[in-house]
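*Asks:* Chains as they are written, first to last, in this note's numbering: chain R, 2 to 454; chain P, 394 to 639.
Hints were generated in silico from the structure; no laboratory data involved.
Hints should not be assumed to be uniformly reliable.
Unchecked claim - Straight-line distance between alpha carbons at most 27 Å, and here's what the computed BS3-like set of lysine-lysine pairs gives:
| id | chain 1 | residue 1 | chain 2 | residue 2 |
| --- | --- | --- | --- | --- |
| 1 | P | K638 | R | K7 |
| 2 | R | K7 | P | K609 |
| 3 | P | K638 | P | K610 |
| 4 | P | K600 | R | K29 |
| 5 | P | K583 | R | K7 |
| 6 | R | K200 | R | K7 |
| 7 | R | K29 | P | K638 |
Note that this is a predicted model, so its numbers are computed, not measured.
The residues making up each chain are set out below.
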Amino acid sequence: MPEPVKNQPVAGWGRYPVHECREYRPEKRRSIGDILGERAQPNYIARGLGRSYGDTAINEGGGVISCLRLDRMLGFDEATGVLHCEAGVSFSTIIDVFLPRGYFIPVTPGTKLISIGGAIANDVHGKNHHRDGSFGHSLIEFELQLPSGEIINCSREQNAEIFWATVGGIGLTGIILTAKFRLRKVPSGFVTVDYLKTKDLDGVLSAIHESDATYQYSMAWVDCLASGRSLGRSVLMRGNHVGPGGLPAAKRSDPFNMGGRFSPTLPFDFPQFALNPLSIRAFNVVFYALSPGGQGVITDCDRYFFPLDSIHHWNRMYGKRGFVQYQVTVPTAEVQAIVEILQAVAKSGKASFLAVLKKFGQGNEGLLSHPIEGFTLTLDFAVNDRLAPFLRELDKTVLKHNGRLYLAKDAVMTPETFRAMYPRWEEYKALRQRIDPDNLLSSSLSRRVGLTP
Amino acid sequence: MSARGVVVIGATSAIARAVAQQFAAGGCAVIVAARDQDENEAIAADLRVRYGVEGHAFAWDAEAFDTHGAFVARCIETLGDRLEGVVLCSGYMAEQKAAQGDWSLARRMIDVNYSASVSVLERFAAHFEVRRSGFLCVVSSVAGDRGRQSNYLYGSTKAALSIWCEGLRNRLYPAGVHVVTVKPGFVDTKMTWGTVPFAASPEAAAKAILKAIDKKKNVVYVPWFWRYIMLIIRHVPEWQFKKMKM
Ligand SMILES: Cc1cc2nc3c(=O)[nH]c(=O)nc-3n(C[C@H](O)[C@H](O)[C@H](O)COP(=O)(O)OP(=O)(O)OC[C@H]3O[C@@H](n4cnc5c(N)ncnc54)[C@H](O)[C@@H]3O)c2cc1C
Ligand SMILES: NC(=O)c1ccc[n+]([C@@H]2O[C@H](COP(=O)([O-])OP(=O)(O)OC[C@H]3O[C@@H](n4cnc5c(N)ncnc54)[C@H](OP(=O)(O)O)[C@@H]3O)[C@@H](O)[C@H]2O)c1
Chain R
2 MPEPVKNQPV
12 AGWGRYPVHE
22 CREYRPEKRR
32 SIGDILGERA
42 QPNYIARGLG
52 RSYGDTAINE
62 GGGVISCLRL
72 DRMLGFDEAT
82 GVLHCEAGVS
92 FSTIIDVFLP
102 RGYFIPVTPG
112 TKLISIGGAI
122 ANDVHGKNHH
132 RDGSFGHSLI
142 EFELQLPSGE
152 IINCSREQNA
162 EIFWATVGGI
172 GLTGIILTAK
182 FRLRKVPSGF
192 VTVDYLKTKD
202 LDGVLSAIHE
212 SDATYQYSMA
222 WVDCLASGRS
232 LGRSVLMRGN
242 HVGPGGLPAA
252 KRSDPFNMGG
262 RFSPTLPFDF
272 PQFALNPLSI
282 RAFNVVFYAL
292 SPGGQGVITD
302 CDRYFFPLDS
312 IHHWNRMYGK
322 RGFVQYQVTV
332 PTAEVQAIVE
342 ILQAVAKSGK
352 ASFLAVLKKF
362 GQGNEGLLSH
372 PIEGFTLTLD
382 FAVNDRLAPF
392 LRELDKTVLK
402 HNGRLYLAKD
412 AVMTPETFRA
422 MYPRWEEYKA
432 LRQRIDPDNL
442 LSSSLSRRVG
452 LTP
Chain P
394 MSARGVVVIG
404 ATSAIARAVA
414 QQFAAGGCAV
424 IVAARDQDEN
434 EAIAADLRVR
444 YGVEGHAFAW
454 DAEAFDTHGA
464 FVARCIETLG
474 DRLEGVVLCS
484 GYMAEQKAAQ
494 GDWSLARRMI
504 DVNYSASVSV
514 LERFAAHFEV
524 RRSGFLCVVS
534 SVAGDRGRQS
544 NYLYGSTKAA
554 LSIWCEGLRN
564 RLYPAGVHVV
574 TVKPGFVDTK
584 MTWGTVPFAA
594 SPEAAAKAIL
604 KAIDKKKNVV
614 YVPWFWRYIM
624 LIIRHVPEWQ
634 FKKMKM
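Please put together the full structure from these sequences, using the hints given.
*Replies:* Structure below.
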């Protein structure tokens, strides 16, 4: 019996680009090998919850293997806090199951709607990267099904080379079946947040420099339409987990209960005209003005870590043509790049609803893992005909400052840019040649940046 | 230790897995039964880790009829008085065209969908009847409501199963044992992936199933609107129906 397949258009979270794919959704572990072995498609790429913005989890004209039905939790060790589960388990489920027991995920991105497979393949980072590194840091080992069908264990000790090619390896080394990683003990489901509004970029940079060491979590929202003397004015949001003693009396007896949350759905695509420099400027002004100032604001983990998750399909806000997220990281010494990019954005009038700035700590050995020590800035742009040339110009700025773009977000970078930004691409490609000589794994992104033919 | 327990048969079905999870979330001990024991073990482990309940994985092959007696005895022994009921989700659908020309496929549908269900559930029924409590929840199909050229071999096995449920319900009523017939329309599982235009999630289907058990419903359509779709389909006169392409 051939494995059931569904032909359909698939996109990333930015809904650009959209490609026709043949999607598989195995419900059994064994089916992954069957699908790869069948070779009914020219090539395959694994997919989790599709929260990457661009084209890393889509495969034009080829197979997409959704891992979402392989989502069994297999074991939990109370003594060490190590969870063993399949790659399709979502962060959201882990939080539902383990926060009431006093555990949180050590590294979470700005959405909890991601899978373990996606967390590994993009080596995701969170607001605590300066302290705790990326997801790879808490990852102990995983099982990987190679394109040959063989299943191997990868850890820092066993198959270390493949381990570090897979952490941040955008799904091209094999299909991750299961993983073991540490959860973090937390004293409650709440974070105490200190807000700081700064007048300009220098203000936020020096505040980050001075205070990051005392906060586990830190990131800034930047008003990217502010220009001139206000360029880079920001709201810095820093937080630490808080124990029951720090909670209001009503919450102390049930410190892991975050309470319900109102979650509306964005029912349709915003029309193009709804998103214009004016409306976005208004949004930014209002956001800046209304951001709660103050110290020690008690916020539940959902609201603090995943503010956007409360609006289902918020990606429709950018209209039918979708949007591109542009996340750039530059070494600490090259912070001037952030100034230049913000200037270019302010000047272009290309609006970004939210721009986020954060300081990264050290990177890891992942061959294509994104984070490097420095500053990371994230911008959103609605797709239109003038976007690509504008981004090409920004790319030049990034390259000039030895920066790099995050593949989880990217949808437009060229092969030349990719190679310049990820100098270890050659090692990666050589290893891939060894484990995937027939290029059975390939994605729209890997072809676009020249990693696969 | 959980005070309540259920058996979910055909556990590798996504519907069954969601049913098992929802019972476990309510604090029930669960025995999951499937022929694919590796998968079954993972499903049971998941119940234990997520919900902290007792989760047992018992091997069960629908077509190995002579093992059914021992299987049922083991379930009863393991859960004892905690055993509240059984949900049967096992089923097999071969492609109609293929099954028309291949008796082994048609026969397998009869065996898995009808014979095995009767074989295993009659034994649980006997136990519940004596004990004078319990429920049997049987996942049949809307396909059993009318024979259509595109799916009548599968459909007729489900029709037989639905009729059997009716009789059993009638028999067990005085003993206070309840029988629920579940007729899913399209549910998003490996059985329907890529072949149907829309489908309910297995979680939603499971929720409706647990509710039907709780409310002692007799026959439920899942999702509910299939009741009306099937009402219309059932009422097309046969002289006209036979000319239709369905
Ligand atoms: C609102 C929002 C906020 C975000 N914030 C952050 C952030 O703060 N930090 C950050 O790092 N990222 C962030 N992201 C991006 C997101 O965390 C990553 O793109 C993540 O990888 C998505 O996981 P996913 O399960 O959706 O994977 P997908 O997007 O489906 O896939 C991502 C990659 O993982 C691979 N993959 C998936 N499953 C497997 C598997 N089983 N085996 C092998 N490869 C696999 C795919 O091939 C693909 O290359 C954000 C995204 C959104 C929508
Ligand atoms: N999905 C729908 O739209 C739909 C609609 C109407 C009715 N149904 C019914 O709903 C039930 C669940 O189906 P599903 O959609 O979840 O599809 P499914 O995944 O194919 O589920 C069928 C289940 O039956 C098991 N099974 C088949 N042959 C078996 C055998 N010989 N011995 C033991 N177990 C056997 C399967 O085990 P394996 O995994 O080992 O094959 C699987 O667990 C079935 O009864 C089906 O007929 C489904």
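*Asks:* A separate judgement is required for each hint: does it hold in the structure or not?
*Replies:* How the hints compare with the structure:
1. P:K638 with R:K7: 24 Å, holds
2. R:K7 with P:K609: 37 Å, violated
3. P:K638 with P:K610: Violated, at about 33 Å.
4. P:K600 with R:K29: 23 Å, holds
5. P:K583 with R:K7: 11 Å, holds
6. R:K200 with R:K7: Violated, because 52 Å separates the two Cα atoms, which is more than 27 Å.
7. R:K29 with P:K638: With Cα atoms ~35 Å apart, R:K29 and P:K638 exceed 27 Å; violated.
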